[in-house]
Amino acid sequence: MSFQDAFAQALFAPDAATDPAVRQLAAQPAFEVYRNTVMKGCIDALEANFPAVARLVGSEWFRAAAALHVAASPPRDGRLLHYGEGFADLLQGFEPAAELPYLPDVARLDALWREAHAAENAPLLDTAWLSRQAPERLAALVLPPHPATRWAWFDAQPIYSIWARNRGDRSDEEELDWHGEGALLTRPDDAVTWRPISRAACAFLDACANGLPLGDAAEQALALDADCDLAALLEALLRAGAFAHPTAPSTESTP
21 MSFQDAFAQA
31 LFAPDAATDP
41 AVRQLAAQPA
51 FEVYRNTVMK
61 GCIDALEANF
71 PAVARLVGSE
81 WFRAAAALHV
91 AASPPRDGRL
101 LHYGEGFADL
111 LQGFEPAAEL
121 PYLPDVARLD
131 ALWREAHAAE
141 NAPLLDTAWL
151 SRQAPERLAA
161 LVLPPHPATR
171 WAWFDAQPIY
181 SIWARNRGDR
191 SDEEELDWHG
201 EGALLTRPDD
211 AVTWRPISRA
221 ACAFLDACAN
231 GLPLGDAAEQ
241 ALALDADCDL
251 AALLEALLRA
261 GAFAHPTAPS
271 TESTP
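According to the numbering used here, the sequence shown holds residues 21 to 275 in order.
Don't take each hint at face value.
As the list claims (entries may be wrong) - Taking CB as the label site, the calculated pair distances span:
1) 246 <-> 141: 35 to 45 Å
2) 98 <-> 209: 46 to 56 Å
3) 80 <-> 137: 25 to 35 Å
4) 49 <-> 226: 21 to 31 Å
To be clear, the hints were calculated from the coordinates, so they are not data collected in a lab. Being a predicted model, the structure only gives us computed values, none of them experimental. In this text, a Cβ means the ideal position worked out from N, Cα and C, and glycines have one as well.
Using the sequences and the hints given, assemble the complete structure.
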């Protein structure tokens, strides 16, 4: 291990340092000051990266959990916007979070927001182009989700509603319906937006992400909900900006 790697490791686990030079540095008061600064920066980053979780539990609770995560999983990337992989898993086994069974999935939605925010740019699906396709060809079209599109289905708990209420300044006093919910996050105009979606819509997007044509994606949605309105489902996804324009689209039909 290089000196630089040993020094970085000692910042998060000073007692585990084996390099004599690093151990000597770690014993100095200035090292502890520097270490505390680094730890605070990482904890601050986690609090910024998981705002809905932090709002639910309060800053003191959150920072205590974040400190455990930083010690166990130091950042591997200097871009702290991406820091927090595995934080939801830590919350899953964190005893003080046992009374908040929805917390890990709320953290997962916070992580999906960051992924949507940082995803690469790509042209949105041209809906005018789509409308020019012959009806008999639509079922064979493959529509890729936009790189910034994220979605998830959560069984049994209203994760999306809990997350959305704690994501911004919105305050909603209505009682939650305790059932499964889906979430869709997109970035159509350089800003991440979110909305609830059905389990059938999640299955539809899963199929599209796997490269299946629209006909097969529709079948997978209907397998979960035989009463699903496919036209309304597709229209809602198009309005949300969920799809990228195909990189090699089929020949257009005549307008």
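Each hint tested on the structure:
{"no.": "1", "hint": "246 <-> 141: 35 to 45 Å", "in the structure": "38 Å, holds"}
{"no.": "2", "hint": "98 <-> 209: 46 to 56 Å", "in the structure": "29 Å, violated"}
{"no.": "3", "hint": "80 <-> 137: 25 to 35 Å", "in the structure": "27 Å, holds"}
{"no.": "4", "hint": "49 <-> 226: 21 to 31 Å", "in the structure": "54 Å, violated"}
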